[in-house]
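Here this note's numbering is used: the first residue of the sequence shown is 741, the next is one more, and so on.
Each computed EDC-like pair below joins lysine to aspartate or glutamate, with the alpha-carbon atoms no more than 16 Å apart:
no. : residue 1 : residue 2
1   : 1121      : 793
2   : 1121      : 1087
3   : 1122      : 793
4   : 1121      : 789
5   : 1121      : 1089
6   : 1122      : 1084
For each label pair, taking beta carbons as the anchor points, the in silico distance ranges come out as:
no. : residue 1 : residue 2 : range
7   : 759       : 1037      : 43 to 53 Å
8   : 938       : 1122      : 20 to 30 Å
9   : 1140      : 970       : 26 to 36 Å
10  : 938       : 1151      : 16 to 26 Å
11  : 1073      : 793       : 13 to 23 Å
12  : 1034      : 1140      : 32 to 42 Å
The hints are simulated quantities; they were obtained by calculation from the structure and are not laboratory data.
Remember, it's a predicted structure, so these values are computed and weren't measured experimentally.
Cβ coordinates follow ideal geometry from the N, Cα and C atoms, glycine included.
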Amino acid sequence: QQATLEQVEPLKDAAGPGKLTIWSSPDPINLIQNFYQKTFESGGWEVLDQPEDQDGGTFIVRRNDLDVTLSIPSGATTGKSTAASSSKPPAVATNSSVTTFDIQYVRDGKDTKAEKPQPSQKPTQAEKPTQAQKPQPSQKPTQAQKPTQAQKPQPSQKPQPSQKPTQPSEVASKPAQVRSGKPEKLTDLDKVPRDLRKYVADLAKLGVLTPDTANPKTNADSQGTQFAPNQTISRRQYARWLMDANNRIYANRPGLQIRLASNTTQPAFQDVPRTDPDFPYIQGLADAGLIPSPLSGDSTAVLFRPNAPLTREKLMLWKVPLDTRKALPKASIEAVKETWGFKDTAEIDPKALRAVLADFRNGDLANIRRVFGYTILFQPKKPVTRAEAAAALWYFGSQGEGQSAKEALFIKPQTSQPSGAPKATPSN
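Could you build all of it, start to finish, from the sequences and the hints given here?
Below, the structure is given as structure tokens:
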């Protein structure tokens, strides 16, 4: 079906020149959402945020100096059919309803028509590239392949990270893939909430934490040294920190370390190929059974959504198994209510309930107590900040059998290998 442009108006309160466009389509929400997700991924856009499910939501993407916000309200349909307002859209499009959605364009710098995305023309043609999905002028290989004497490479012609494919053999060999553990110079640790400051400081000294590179605006004027403690952390970044923190805290206990995946491993997730810079970490966690994937028997977890915000329940689901080092206990809504007393226990994903219950048994060393303090609202879907994620990773283990980042600072590793790196065979 063809999407129809209903309205165009300028954005008055935007950070830069921008406009709002409103569209309508006879297609259901899920088809429109799938179309845009594929368009952004294939078009070299940096996905800063995206919906949690297939029932509408907001995409926030960026490429060069253009920020795009696509909003598909849940149940955003009008028409004759009352079924169109259901929270679950039909599997196929019908002519009895219309889905409305809007796209905001905000540009930080000069206006370049070539960079404006137009993926909304044919939502149902996701499998067939439209004009909007064709490479933009900045991506056309013909310009780079036929340089003239007058065409000296400009900064704008440099391929972006998403435009330059990485060969599988490079994934395990690039130094950037396996960090050395040298502490980063972070200049804004004074902005960390006071109750979390000591945890963040210890992890920073241990070399786990990195500057916030996901948001281009955060480090625009700071030479890339801003930790941005109160910014939301992505699932991708937390996966990397989770492995790094575990392996550095247990640097002298190889049997408790998580192994990086090799570049020959079959990807567990459709959206984390071998060329992804964080493939060794995300795939390594999946191989170890620490995150839900088809490898662990969860046939529905085919997408990792690396750039989506990490939620509180996912933080617990991934972290607690590394504390208990054993199967999580059976859990029910009633059991969690009786222990933690959360009023919103029913909103917690059933998979995460077990981790939340197991965390309670860790007493004062529980992640929830350390990160969120005393609370009777867990807010399982709430995004986690970078400071909160760091606080959760400050300690691994159960009472009497764990180790903290502070203690790890005084322990000499048995090997000089980087965190998570495969052991080299000693030469004779």
